[in-house]
Every structure is written in C-alpha cells, then in structure tokens.
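For the record, the sequence lines run as chains H and A.
For reference, each letter of the first sequence is one residue, going 1 to 110 in the numbering used here.
For reference, each letter of the second sequence is one residue, going 1001 to 1112 in the numbering used here.
Misleading hints may appear alongside valid ones.
Each computed DSS-like pair below joins lysine-lysine, with the alpha-carbon atoms no more than 27 angstroms apart [stated by the list, open to error]:
#1 H/Lys37 - A/Lys1018
#2 H/Lys40 - A/Lys1036
#3 A/Lys1036 - H/Lys97
#4 H/Lys67 - A/Lys1052
#5 A/Lys1052 - H/Lys68
Source of the hints: derived by calculation from the structure; they are not laboratory data.
Treat the numbers as computed from the prediction; the structure is a model and nothing was measured.
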Amino acid sequence: EDKVVQSPLSLVVHEGDTVTLNCSYEVTNFRSLLWYKQEKKAPTFLFMLTSSGIEKKSGRLSSILDKKELFSILNITATQTGDSAIYLCAVTGTASKLTFGTGTRLQVTL
Amino acid sequence: ETGVTQTPRHLVMGMTNKKSLKCEQHLGHNAMYWYKQSAKKPLELMFVYNFKEQTENNSVPSRFSPECPNSSHLFLHLHTLQPEDSALYLCASSQVSAGELFFGEGSRLTVL
C-alpha cells in the first residue's frame, strides 16, 4: 500500500523566516510527487516533481525530489502571513491515483 | 476559481435523510474524483471515474453512492449516514493519466 509521511505536522514561524517541509514516501512504481497548498477549502497545485535533483521554483517557493532516498522537501523563503496554510504532499504510482500525506500546517505570525 | 464547482458548500443532515452533493468541472477533463477530508487524517480517495466509468471504489460504505452522468458532472448520493461521516468532501478532476488534480472548494457535511 502506498504511503506518504509529512513532517513536521505543524509549524509556527515569524514572518521573514525560511521554512523547510518534508515529505517521505513509499510507492509502487513511482510516477510523480505533487505539492498542494490548502488555505481554506480547495487544495491548489504548487509543483509536480518526476525527476531527482531538479529543483522546481515559483517565487519564494521551491521543491526538490530525491528518488533514491524517497523524499521531497518544500522550501519557503522570506515567509509571509499569506503563506499560512496546510501543505499537502501526494504521490502517484502504478494505479495513477494520488496518495496524500496528512499535511503540514504552517502558521506565519507577525 | 479552479474550474471545479461544488454544491452545496455546507450541508447539515440527520441520519435518516437522503441528500446529494454535486460537482461540475469546466476544464474539459475526463477523470473525476471524490475525496473525503477528516480532521488530522490524510485526504482519502473514495471514487474515481474515467470517461464516465467508475474505475475505483476505495472500500467505501454503500451509504455513499456516486453517479457520473457525463464527464463534466459527478454526484455523491448520501443516505442513512453516520455522525462519523461528517467531513469535508472534495471533488477533483484531471486528465486521465495526468498527475495534477484540480479541486473544488468542497462540501462541508455535518451528520447529526
């Protein structure tokens, strides 16, 4: 059974800090790893990673995948209060269905 | 606006009621999904439809009954639910075999 473990479960930082969120996984025939941000209701797509060692970047957010060690990290630099959300990691395997982790709840305070 | 619309946004029902959740996607996708999100648990996949055909039923109790009349619409019919079924129900769509899901805003269900 595919499995995704995210850490930490929750995190409180001050505005301007840099944070690193972790995602480790076990999946049969790995195809891709995805990061989503969930602020209130609908998770919104951030990144899809399929290859090891290639960093995906969007503004202050970046992510990288290590297929050998079976993990990914999501970095957020110069955090803002608008970054407060639950960050979800998910993987797809043979069945092409997404298996999600429990998420990391990030709170950015002033 | 993600292109996936869910109604109602909030629903309160008794254990003997029958209600339905509706999802509509305007993205031209051919796969649609129902997920359940409970507090402190990962998103749980419930059902998958590819080209209107159900391809996944993740051991969901029969009191949840999905319906997919076409590739743009998805329903979740609810009857004789239990209080533990209270959760956020998220609909999503994608292109078949693509990884990225587009989620709706969800329907917050409370079963009394």
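Now for the hints, and whether the structure bears them out:
1. The straight-line distance between the Cα atoms of H/Lys37 and A/Lys1018 is roughly 33 angstroms, outside the 27 angstroms bound, and the hint therefore fails.
2. A distance of roughly 15 angstroms separates the Cα atoms of H/Lys40 and A/Lys1036; the hinted pair therefore holds under the 27 angstroms criterion.
3. Between the alpha carbons of A/Lys1036 and H/Lys97 the distance comes to roughly 14 angstroms, so the proposed pair stays at or under 27 angstroms and holds.
4. For the proposed pair H/Lys67 and A/Lys1052, the alpha carbon gap of about 34 angstroms is over 27 angstroms, so the pair is violated.
5. Only pairs whose Cα atoms come within 27 angstroms are accepted, and A/Lys1052 paired with H/Lys68 is rejected, the gap being roughly 37 angstroms.
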